[in-house]
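A.B. asks: Chains as they are written, first to last, in the numbering used here: chain D, 63 to 405; chain Y, 63 to 405; chain L, 63 to 405; chain A, 63 to 405.
Calculated directly from the structure, the hints in this document are not laboratory data. Beta carbons: idealized from backbone N, C-alpha and C, even for Gly.
Derived pair list, reagent style DSS-like, types lysine-lysine, alpha-carbon separation capped at 30 Å:
1. 318(Y) with 318(A)
2. 390(D) with 401(D)
3. 401(Y) with 390(Y)
4. 318(L) with 318(D)
5. 401(L) with 326(L)
6. 401(A) with 326(A)
Interface residues of chain A toward chain Y, partial, derived using beta-carbon atoms under 8 Å:
7. 73
8. 128
9. 132
10. 215
11. 219
12. 222
4 protein chains.
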Amino acid sequence: MRIGVLTGGGDCPGLNAVIRAVVRKGVQDHDYGFTGFRDGWRGVLEGRAVPLGIPQVRGILPRGGTILGSSRTNPFRERDGVERITGTLEQQGIDALIAIGGEDTLGVAARLAEEHGVRCVGVPKTIDNDLSATDYTFGFDTAVGIATEAIDRLHTTAESHMRVLVVEVMGRHAGWIALHSGLAGGANVILVPEQRFDVDEVCAWVTSRFRASYAPIVVVAEGAMPRDGELVLKDPQTLDAFGHVRLSGVGEWLAKEIEKRTGKEARTTVLGHVQRGGTPSAFDRWLATRFGLHAIDAVREGDYGKMVALRGTDVVRVPLREATASLKTVPMSLYEEAKVFFG
Amino acid sequence: MRIGVLTGGGDCPGLNAVIRAVVRKGVQDHDYGFTGFRDGWRGVLEGRAVPLGIPQVRGILPRGGTILGSSRTNPFRERDGVERITGTLEQQGIDALIAIGGEDTLGVAARLAEEHGVRCVGVPKTIDNDLSATDYTFGFDTAVGIATEAIDRLHTTAESHMRVLVVEVMGRHAGWIALHSGLAGGANVILVPEQRFDVDEVCAWVTSRFRASYAPIVVVAEGAMPRDGELVLKDPQTLDAFGHVRLSGVGEWLAKEIEKRTGKEARTTVLGHVQRGGTPSAFDRWLATRFGLHAIDAVREGDYGKMVALRGTDVVRVPLREATASLKTVPMSLYEEAKVFFG
Amino acid sequence: MRIGVLTGGGDCPGLNAVIRAVVRKGVQDHDYGFTGFRDGWRGVLEGRAVPLGIPQVRGILPRGGTILGSSRTNPFRERDGVERITGTLEQQGIDALIAIGGEDTLGVAARLAEEHGVRCVGVPKTIDNDLSATDYTFGFDTAVGIATEAIDRLHTTAESHMRVLVVEVMGRHAGWIALHSGLAGGANVILVPEQRFDVDEVCAWVTSRFRASYAPIVVVAEGAMPRDGELVLKDPQTLDAFGHVRLSGVGEWLAKEIEKRTGKEARTTVLGHVQRGGTPSAFDRWLATRFGLHAIDAVREGDYGKMVALRGTDVVRVPLREATASLKTVPMSLYEEAKVFFG
Amino acid sequence: MRIGVLTGGGDCPGLNAVIRAVVRKGVQDHDYGFTGFRDGWRGVLEGRAVPLGIPQVRGILPRGGTILGSSRTNPFRERDGVERITGTLEQQGIDALIAIGGEDTLGVAARLAEEHGVRCVGVPKTIDNDLSATDYTFGFDTAVGIATEAIDRLHTTAESHMRVLVVEVMGRHAGWIALHSGLAGGANVILVPEQRFDVDEVCAWVTSRFRASYAPIVVVAEGAMPRDGELVLKDPQTLDAFGHVRLSGVGEWLAKEIEKRTGKEARTTVLGHVQRGGTPSAFDRWLATRFGLHAIDAVREGDYGKMVALRGTDVVRVPLREATASLKTVPMSLYEEAKVFFG
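Looking at chain D on its own, in the form it has when it is part of the complex:
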């Protein structure tokens, strides 16, 4: 039995831990052979296969990124995409495919499974933790840890100069990283994409914090947006070509607004790619490893078209289609719970 493995979408600490677990268990317990595809679905499209065995996965557990490379290529948008995919799988003698990725990568796996009978098992990956079918995805805990450590550091510099520090963290559509790191870091305001924010309310929290002789930390998800569209329109640089607010600049924009409205100095730190690189946290290594082991169980049982998922402390399987159907956003009740720490 030969199993293909690929990683797609943005990289995420823990991808290598999944690959290692898959190969270790597959080879040692079941004597499976493995073929790695380079750069996600693009490697399958282009027939770029690499050997994948025990020697290739040695020492990769604590390493961030993915030894297989990644891309966002979607074969359904490529000419003859499906034919090229199935062609490569046949040529390489692939019996089953383990696809590690997010909504897009697994969406392709779901369609290939349903519409073209490709035997796929999915492993969920989203650093934003926004897949509804699983309690957690690996990479998220690492990102939250990095963001929290940065917030810890920013507290002391903010206090020394009594200025506002706005920290922009990842989270385009879901505010999980902002919420968790903001709570863990003792932020005074947390802004998430799930609820448009009112700049005046933010300024009120900021001011109240200063009144208590503390310097405020504002954590804002990159996808958070102000309630009042007009405010944005006044500063055309924050709009993109389509006249939309530039998601990547909300931290910078907000710091300027806070300065303008409160008269207090404000600075921005955009954590950016630092959040997704480097060695995975112990939690993420453990989760990624268990996902990898259970993906092999699914293959062995012939339980295709499924994705492994965490529920409580158990790893379960859910249909791939269902797994990618809806985004898991921060529920308002949870966000409201956090507001006791605002201001």
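Position chains Y, L and A relative to chain D; hints supplied.
C.D. replies: Chains Y, L and A only, in chain D's frame:
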């Protein structure tokens, strides 16, 4: 309404985060008053109360330990213990008590609630993660992180000298820290209290690892014990006064046995107290904070005799009595799953 | 004897360690009294003095920032500045002043000492490590450590997507942080303010790195500037009001140029304030502590108008005037030495 | 020109960084060829040579340990040792040898250079920082950082239970790690091998700390010894086969003595091998890299029989013989300076 707060048992990163969340929410949302008791139940027995308000909880979120101090005192084993407890509560005008602790501390709370009508809400704390009513307890993730980082470091020194490194981690009755840090750190053998180990089997794994030109890391929980009692008896220093294996020395003992039987150099590192001190991980700060917020919800709803607990991503409540009834040990199926990485 | 203490300029991990050492040694060995001034020279100007004794310095050793606050106020630029300074010192009964700060703060101390007979001892602080009179200043090692850890993380994400990552680090006039973190992090290009860079040469190094199947990391000091002025002029947003390259944006600008010229994806991470906050490294705590102890020695010996400085492993004293006279920049020989790792 | 490279003695973070710098500069700037010898001098004795080029040194900069392996073998104590050494060098066509190691490894290099004309350049390595010819050796800063982080963690657990924590750190003959980590970690007592300690004085410091309502941290170098020999003799287990105090047990022994004499609970943490493994600090990577580059300069200039060394911020060369002649211990003046923080 005045609420007493105490922390009992071994200290654990996240205790301060609970205290802070309890006070922040209680004061800001409900205008409750708070009284801290020093050193767990001992402070209630002795009437040692300290003021607890917003100023006392500032800046404590990222700090390990507990600002209230801790002890293992059990009032049911003290002369007039219960009378002194209820006397102090009355004297201090305490309407409800939030007890943060493990099996022992919460067991006292359960009896006080059931037998003496004391209005208690429990918050679970065990660095070993061995309370069955909750998926996780705070402090555990921090301990696993510290142990994993140590294992990461030990790999390179083991490889440089091609020697065995035995790492003894916490876990007297449950092997959760050993299992998680061993998996996350890429250990070659993991030994837990739940299954007596065979030294010869350990040596076989060690030898097989050397054959693959790697240096083995053996992670052993402090409570793990060898299968063959006789081996132990030969070395009386590893027995305590009752003739039992000294739990604290299994790492040292095992390293010597490995040296004897395999002829390879073996060294031991006992991580000890480093695992329970210092700043909590982001996960533990988040969990501890949520536990604190929900404990206040329980008080507000008059839902006494309960403990807050994590189930998946939800915080729920379970009866205190039930919560402390059984130890959560590593299931054999989970331990077997990890064995694919042994040797 | 009563000693005033102040911290000026940008905050820096280690300031609190200096304050603690000064107070601990002064009180315990010599029974000195201490008065803290808030926010650097501004607090002296405005007579904002705070008590400073053993209780105030407890637990501050590992904390970043400064418990005294900081500012960039220069009393020589304020109306009646000097009179107000000497007035406050007299009013508070200050016999000597320990000023902890950089070029500006110590420049004021030097003039006050020389021109107005104020008894000053200086402690050097510059996170950029650009004071010529001392081998190292505290804060620098912490900043280099944070930048190096970020570079470590960025390697894996760069490799996964085979893209260029440009990391902008602190260093307005001197490239020490860029040079040290770039060397320690295994960067493929390091750009410093001391030598204008050629964008085509940078692109050649980037391309050569890709040819070796690796993803390049470019570390650029915020004050680094391209050689060819014209390139810059084409994009007016990168110019400030005076037509100069905006120092804070060189990373962003360079990433765009690299994309344009090499056709490779490039991303920027601006580390910003994260570099100057949080707990100091062990080296910085040790250095700051020794500086504090030796500042008290200088006071006790009446050796005013001096600054403590590190030479090798010794703490020595140099005249304040001399200490702030020249900037310590990266010598070209050292920069050339590093180029073996470029490309 | 072909250069042999070996690493000897205990492993140390930064060894790989030296190897990488040596090879990168040698190959790229001078087109040298390299041969690695396995396990220090043992590999030269036994003719175990491995290829060493750019591919072998990729990615090793941040990795602890040594890719070449290490041993404590001394060829002058082996039969025909020198003949076998020179035989291997001739057979492998080695023109010069870069030996990275401590007193023993470099002592061999010195004798081979002086007595047998072997062209050697030394790079100093001692995690204890006890080589007199250089201000610092790589690995030391990493060890101090790890010990300091552990002490930070132990503070909070000590405070929670108001118990003494004794931390045993490396340092057999020199107390540098104890002194630096003790100062950086805010220890209340620091004990070094350079001065025998008085247990009653230690207990007085401990007691004074408790009186100030704090829990004491005692940092003790593994080679520190009590002044009063008799105390030791009462407990035969702390003696080794020669009747000497067992160096590795001083922490455990001291904790028991403190408990006995003060009546306070005391616990020990022995940091052990964790201090020498894992990724090097930024400082150590920088220092190791510079040492490597300068070792190649020495080879190129034919300046053999020398060791590279750090003086202030400069890398210089000193005769190998002189470099290993005397141990650099903590001067009493520096130790006395630290005592202001005791108690």
